[in-house]
Amino acid sequence: MFRPNDQAAISPAAVPPWRRASMLLSSLFLPACFAIACVTVNIYFPAPEVREAAERIVDETWGGGAAPAPQEAPGKQSGIAQRWLLAAFAMVSPREAVAAEPDVNVSTATIRALKEGMKQRAAELKPYLGSGGVGITKDGLLVQRDAAGMDLATKAKVRRLVDAENKDREALYREIATANNYGAERVADIRSIFAQTWKDKAEPGWWVQGADGSWKQK
Amino acid sequence: MGDGEAEHEAGKRRRRRVLLPLLVGFVVAAIAIRGALSFFAADLFMAAVRQAASRGGLEIVLEGEPVVSASGFEAANLTVRTRGGDERLRADAVSGSARFFLHRPFLGVSLSLVGASATWSGADSGDDASPLLLPLLPAVFSRVEFKDARVDFGAGRVASIDAVVTAGEGGSLDVRWSRLEYSEESGERAAEKLAGTLRLTAAPSPSDVAPAPDPPRAIAAAKPGAPTPATGAGDAVAPAQALHVELVVESGAALVGSVLLDFAAHPLAASGVIASGDKGRLQGSDLAFALGRLLRGSGRVALARDRTLETADVTLASDDLMPAFVTLVREPFGGVAPALADAVLEGSGQVTLRLAAASRHSADATVSLSVRSLRTRSLAAESLLVELPWIGASLSGRAPRVGRLRAAKLSLLGLPWTGVDTAVTAAPGSLRAKAAQEWKAVGGTLRISDLVLEDDARGGPRAAADLRVTGFDLAGLGDALGVAGLAGSLYGDLGRVRIDADAVRAEGALDMETFGGSVRLSKLVVEHPFSRVPEFGLDAKVDGIDLGAVTARLGVGRVSGVLEGQVTGLVLAAGQPVSFDADLHTVKRRGVSQTVDVRAIVQLGVLGGGDSGSITGTLLKVIDRYRYSALGLRCRLRNDVFEIRGVETDGDKDYIVKGSLLPPSVSVVSHSQVVSFSEMLKRVQRIASIDEGGSPNVPSQ
Chain A
1 MFRPNDQAAI SPAAVPPWRR ASMLLSSLFL PACFAIACVT VNIYFPAPEV REAAERIVDE
61 TWGGGAAPAP QEAPGKQSGI AQRWLLAAFA MVSPREAVAA EPDVNVSTAT IRALKEGMKQ
121 RAAELKPYLG SGGVGITKDG LLVQRDAAGM DLATKAKVRR LVDAENKDRE ALYREIATAN
181 NYGAERVADI RSIFAQTWKD KAEPGWWVQG ADGSWKQK
Chain B
219 MGDGEAEHEA GKRRRRRVLL PLLVGFVVAA IAIRGALSFF AADLFMAAVR QAASRGGLEI
279 VLEGEPVVSA SGFEAANLTV RTRGGDERLR ADAVSGSARF FLHRPFLGVS LSLVGASATW
339 SGADSGDDAS PLLLPLLPAV FSRVEFKDAR VDFGAGRVAS IDAVVTAGEG GSLDVRWSRL
399 EYSEESGERA AEKLAGTLRL TAAPSPSDVA PAPDPPRAIA AAKPGAPTPA TGAGDAVAPA
459 QALHVELVVE SGAALVGSVL LDFAAHPLAA SGVIASGDKG RLQGSDLAFA LGRLLRGSGR
519 VALARDRTLE TADVTLASDD LMPAFVTLVR EPFGGVAPAL ADAVLEGSGQ VTLRLAAASR
579 HSADATVSLS VRSLRTRSLA AESLLVELPW IGASLSGRAP RVGRLRAAKL SLLGLPWTGV
639 DTAVTAAPGS LRAKAAQEWK AVGGTLRISD LVLEDDARGG PRAAADLRVT GFDLAGLGDA
699 LGVAGLAGSL YGDLGRVRID ADAVRAEGAL DMETFGGSVR LSKLVVEHPF SRVPEFGLDA
759 KVDGIDLGAV TARLGVGRVS GVLEGQVTGL VLAAGQPVSF DADLHTVKRR GVSQTVDVRA
819 IVQLGVLGGG DSGSITGTLL KVIDRYRYSA LGLRCRLRND VFEIRGVETD GDKDYIVKGS
879 LLPPSVSVVS HSQVVSFSEM LKRVQRIASI DEGGSPNVPS Q
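So the protein lines, in turn, are chains A and B.
Take the numbering used here: the last position of the first sequence gets the number 218, and nothing is skipped along the way.
Take the numbering used here: the last position of the second sequence gets the number 919, and nothing is skipped along the way.
Some hints here could point you the wrong way.
As the list claims (entries may be wrong) - With a straight-line cut-off of 25 Å between C-alpha atoms, the simulated BS3-like cross-links for lysine-lysine are:
#1 B:K900 to A:K157
#2 A:K216 to A:K138
#3 A:K115 to B:K900
Unchecked claim - Listing some non-contacts, in silico: residues in chain B with all C-beta distances to chain A over 12 Å:
#4 P541
#5 Q568
#6 S612
#7 D674
#8 T688
#9 G734
#10 A792
#11 L802
Source of the hints: derived by calculation from the structure; they are not laboratory data.
For each residue, glycine too, the CB sits at the ideal point set by N, CA and C.
Isolated chain A, as found in the complex (with noise of 0.2 Å):
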């Protein structure tokens, strides 16, 4: 009968083959276990920071705008959290590792040249913001959403107007994932992060598509 005292006493040879199984799975798993907890991440995202700069960015392009929304708490506990991680992690970890706190100072010569063109841009569009003929989508693009009272002329003028400044919105979120080396999979997490800021801060009568998307004005 096996006892866990005899363990000494047992050869190699009197191990029986479900032991030395689990032996074998042990020296596997224990190396196993640590290896996993070694956790590397290479990747950081300050979604925070990033939001911060959407809010800066969109106060320069439009203006300023009403107050933006109060943001739900999961998000702001995520930010926290985030940063409770980051100083843990910077207590012990070299140099180069504090060296990777976030900082989004989104303000290159080419997000500079778009913002211009955004905030130029802003002075046209904002009349047809306030009357409904352009909308926000749940995207964070502007949409020509209703036409009435519109002659053609306007009509295709504010489609140039929506189109150009779309595709500078598309640039700028592709630029800050480029300055900030996030890499271009953060671009839709960028983009994500500006829907709501360009939601949030949408003036009152202005019209915005909600997540199912339908349309209600602020």
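Using the hints provided, position chain B relative to the given structure of chain A.
Structure of chain B alone, referenced to chain A:
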């Protein structure tokens, strides 16, 4: 009163006794006839309409009897279906008036519909008679007038119209509309205040269109004197027929995507034969159109079931390209493609296109242009003759075709080049220059060889060429590009240069022999070349540059020495740097002194964050030049933040200039290593304002 007068009075009374009853009788009879006609009108109408509809393969369903009165009629819930049961047209309420008049062969009916509203569902089904439904009308009515008629095509597509439809001679149907509005919820297409005419005449079917079961019967029914085709589900299919269409749009405007067409300025006249074919196709043949002086075209097309273009054999031409270019290209797309924003294209042109399938890879086309003047922001050409064939990649069996490209004068990136003249060969999926080209400008030659334009399923449109540059005068190049202070020559083998929608990339490098040394430019790239903000990228390796010559040329403070180093990852956009890493420093060379004058010391100090006044205050003005042992900068720009380091670091001190051991020597130390881009711009502006004595000419910002 005499006898004569009495007799006259008696006659009058007799006539009254006779005429009055006759008149009353006539009026009563007229009222009775009119009432009878009105009484039977609904049945007559519906019988005629149903019969005609049946001949056209359609079925009219009316829920409830129409209400007919002397002033008009009302009907509710009218539905038009195919014999298969598919609903095509639904009108919740139709009201109007009918007028009867003598008309060949015996009685005419004029119908006026006011405010009719209907829902059309035929457009989405494809295999229907919807495009050819209209000829049903003259089989029943001589004249139909629509006032504010509204048709809902579904999916947010709505049209309203004021129009008069009359049966013309020879079985034609004439439509004159004084107002046609159309809109889509998506805003993709719209029409406003369109006015014009449409004439539809039965025509023989094009031989290549398969017989269609429904529309020909409708047309046959519309044709007076034509034998009535057999009806019933088991009947043999009648030979396919088609409609000859003549369309004129005299005024109003239409919006298609971003293209706005003003028909008052450019009236549309179009004609052709339209027939529905198998699988819901719609075939247009003998098509011809003219859009004012903008554009004219001819040919034939086939539309698929969903009304997208399926095949085409068309020719488009313009005798005056500029208005066509402005209306169809520059205005609609100038906002998203800035290169077009102020572009000019003057001349004439023609495009022939054969499309064998709904893909550009099946296109067989030839573009012929005779351009007096072409101007964009970066390209200009005069007397440009283009004859470019194109064979789509999927047309693999086609024999190659030859074309030509010739320009008497060419300007690219502000440089005036000698003319271009090259033959090109089109093979499936590619267009290749037959021989190498040599363009000459500012004393140098740009050799372009193996130039090829490709487009196939493996990738989007792209171009590539081998480029070699020899002997360009940098001063002339700088003048053309607006870059001051360049000197020397430019040469190099750029290797394979590839252009696509996302970037222009060169595999090779350029070399500048300048200021006694050299600069090698590599990793040359233009990202997003067709966007509003293209980004230029390169690496530069600097070797043996005579700083004395550079500073003398630039008109800044004098520095003697030899400069070496490199700039990596330089990205420029909108005329400003976006990012780079630079390490530029002097190296000791035998026989080359290393000195710096007072003005240069002050300028380097300002660049490092110092104040010009405090710097000059610490210098001995009696000494013009100071010795140094090392001078240089290590800079990094990321995200609008400059990090500036000197050639040597000591704690928080960075030496931009490290003094020599022998006097007179000077060291310039920076303590502010990180500055914003805007601060760096201010420093550069302050540097430019510093005079020979090292003092600022204008107050510091």
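Status of each hint after checking the structure:
1. B:K900 to A:K157: With a Cα-Cα distance of about 39 Å, the restraint between B:K900 and A:K157 is violated, given a limit of 25 Å.
2. A:K216 to A:K138: 11 Å, holds
3. A:K115 to B:K900: Cα-Cα ~21 Å, so holds.
4. P541: Fine: 16 Å to the nearest Cβ keeps B:P541 off the interface.
5. Q568: Check passes; 27 Å lies beyond 12 Å.
6. S612: 30 Å, holds
7. D674: 25 Å, holds
8. T688: Per Cβ check, B:T688 is outside 12 Å of chain A; nearest 32 Å; holds.
9. G734: Since the minimum Cβ distance to chain A is about 31 Å, B:G734 lies beyond 12 Å and the statement holds.
10. A792: 4 Å, violated
11. L802: 21 Å, holds
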